[in-house]
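Could you build all of it, start to finish, from the sequences and the hints given here?
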Amino acid sequence: MNIVIVGAGRVGQTLAGKLARDGHDVCLIEGNSAKVRALSETLDVQLIEGNGATAPVLRRAGIEKANLVVAVTDHDEANMVVGLLASFAFDVPRIVVRLRDADHAEGFDLIGQDHPGEHVWVNPDVAAVDRIASLLEVPGAVDVVSFMDGELIVAGFRIGARSDFVGVRVSDLNLLFAATPTLAVAIHRREEWIIPHGGEEIAIGDLVYFAIAREHLGDVLPLVGAPKDDRRTIMIAGAGPIGLELARRLDARGVRTVLIESDESLAQDASEQLSNVLVVKGYATDQSLLEEEDIDRVSTFVAVMRDHETNLVGGLLAKRLGAGRAVVLVDNPALVDLVGDIGIDAIISPRLLVIGLALQHIRGGRVRTVAQLLEDRIEIVEAEIGKRSMLAKGSLSEIKLPRGVLVAAIKRGDRLLVPRGADRAEAGDRVLLISTSENASKLADFLAE
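Numbering (my numbering), first residue to last: 1 to 449.
No wet-lab data here; the hints were simulated from the structure. Any given hint might turn out to be false.
[Unchecked claim] Straight-line distance between alpha carbons at most 30 Å, and here's what the computed DSBU-like set of lysine-lysine pairs gives:
hint: 1; residue 1: Lys65; residue 2: Lys35
hint: 2; residue 1: Lys228; residue 2: Lys319
hint: 3; residue 1: Lys393; residue 2: Lys442
hint: 4; residue 1: Lys400; residue 2: Lys387
hint: 5; residue 1: Lys387; residue 2: Lys442
hint: 6; residue 1: Lys400; residue 2: Lys442
hint: 7; residue 1: Lys65; residue 2: Lys442
hint: 8; residue 1: Lys319; residue 2: Lys281
[Unchecked claim] What follows is a set of in silico ranges between Cβ atoms, one per label pair, in the way DEER data are often shown:
hint: 9; residue 1: Glu215; residue 2: Arg248; range: 22 to 30 Å
hint: 10; residue 1: Val166; residue 2: Glu215; range: 19 to 27 Å
hint: 11; residue 1: Pro222; residue 2: Asp149; range: 22 to 30 Å
hint: 12; residue 1: Arg248; residue 2: Asp296; range: 22 to 30 Å
hint: 13; residue 1: Glu106; residue 2: Asp296; range: 40 to 48 Å
hint: 14; residue 1: Ala38; residue 2: Arg60; range: 15 to 23 Å
Glycine included, every Cβ here is placed at the ideal spot set by N, Cα and C.
Put into structure tokens, the structure is as follows:
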């Protein structure tokens, strides 16, 4: 496809690089001249300096031939203008924009109703709340993504010496879980990401992602070695959009929740909106405040403040003072490797969340969900199999998937299974594909309609 991306922040840069590696013709628009110069040395895409919310700059970027326009600047209004121009002035058939404000999202939906084509908005704040809520449901996990309408989860666990999986070969998981759809689908070992083959052994220190049927999660957790924690209080640092919505969801579930916010206005608003949540005005990096609020009785400390470095400091302090788990919002790729090494249990990256949501719509066709794992090195795709798909041409052993690509699950009607080599997918099935980022472009051949 010919793709125009407006905004060269972390999302725009990462998305442009990924789509270019997939073989698309990508033009990236950015108004900051210094950033354009720097990116010209690292990105193999066309770069245009200018205001992407103006028609002349969009024309220079080739929007008149574009199959897709993606607007991911830091400003909702600019993204809305790009969407309007792409739709009404240039008749671009597919448009994806990043919007945080619900009112803007409603307006964008109205635009889509009155004009042909695919109009999609993605909200990183909502995606972050969804991911954190999923994490809170799985003790000990560093990352959790739901698939197959929530029936299957892919959860990452750091393997400790107490885990029953130490020394177990991936192929032997079939013996441990004969009646339970469970499979090790990705392993992060030191600097390497592995899509494991059957003979791969799980080792102490590995970060292993398992595909697990949700109804059997309780059977897997004890073997992983996830620590038991009877504490039920969740403490949230930051009453911005993410913290407020997360507290609202937890309150609706009856979870005891403490919300800390240093801004008096935000704290007051949160207190008025959340009648059953304890709202505390103060700094989440204040040791005495955390101790006063019984941080040692908190099962999970969630830091979602505006400043991501402060989130990291708050999470480290909370863990040192006795919190069971620390989940922090951090979007610096350089910090991802710190998960588990310095006391932070899970990092939420809005950048990767938005990229996954955008790819879900960019890939189109029968793709239902796309998720990026830590470091953007592994991609998970849930898709429906069409009649012409290569996956429906024979058994999994016969179709010879590329190395680095794995079929982790197949859902046929109400039945969910972890397939083996002799199994085959059929038209209408939903499959979960795991791939290294380098091989993600090859998935299109297997998902043809």
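To see whether the hints hold, each was checked on the structure:
1. Straight-line distance between C-alpha atoms of Lys65 and Lys35 comes to about 25 Å, which keeps the hinted pair within the 30 Å bound.
2. Proximity of Lys228 to Lys319 is assessed by CA-CA distance (about 16 Å); at most 30 Å being required, the pair is judged to hold.
3. For the hint linking Lys393 to Lys442, the alpha-carbon distance of about 16 Å falls within 30 Å, and the restraint holds.
4. The hinted pair formed by Lys400 and Lys387 meets the criterion: a straight-line CA distance of about 18 Å does not exceed 30 Å.
5. Restraint check for Lys387 and Lys442: satisfied, since their Cα atoms lie roughly 18 Å apart, inside the 30 Å limit.
6. In summary, the hint linking Lys400 to Lys442 is supported, as the alpha carbons are separated by about 12 Å, within the 30 Å threshold.
7. Taking the CA atoms of Lys65 and Lys442, the gap is near 24 Å; set against the 30 Å cutoff, the hint holds.
8. Straight-line distance between C-alpha atoms of Lys319 and Lys281 comes to about 21 Å, which keeps the hinted pair within the 30 Å bound.
9. The given range of 22 to 30 Å is respected by Glu215 and Arg248, whose C-beta atoms sit roughly 27 Å from each other.
10. One distance hint, 19 to 27 Å for the beta-carbon pair Val166 and Glu215, holds here, with the actual separation near 26 Å.
11. At roughly 26 Å, the beta-carbon separation of Pro222 and Asp149 lies within the given 22 to 30 Å, and the hint holds.
12. Between Arg248 and Asp296 the beta carbons are some 26 Å apart, a value that agrees with the proposed interval 22 to 30 Å.
13. Remark: the range hint 40 to 48 Å for Glu106 to Asp296 is upheld by a beta-carbon distance near 43 Å.
14. Evaluation of the 15 to 23 Å hint for Ala38 and Arg60 yields a pass: the beta carbon distance comes to about 20 Å.
When the structure is compared with the earlier hints, no violation turns up for any of them.
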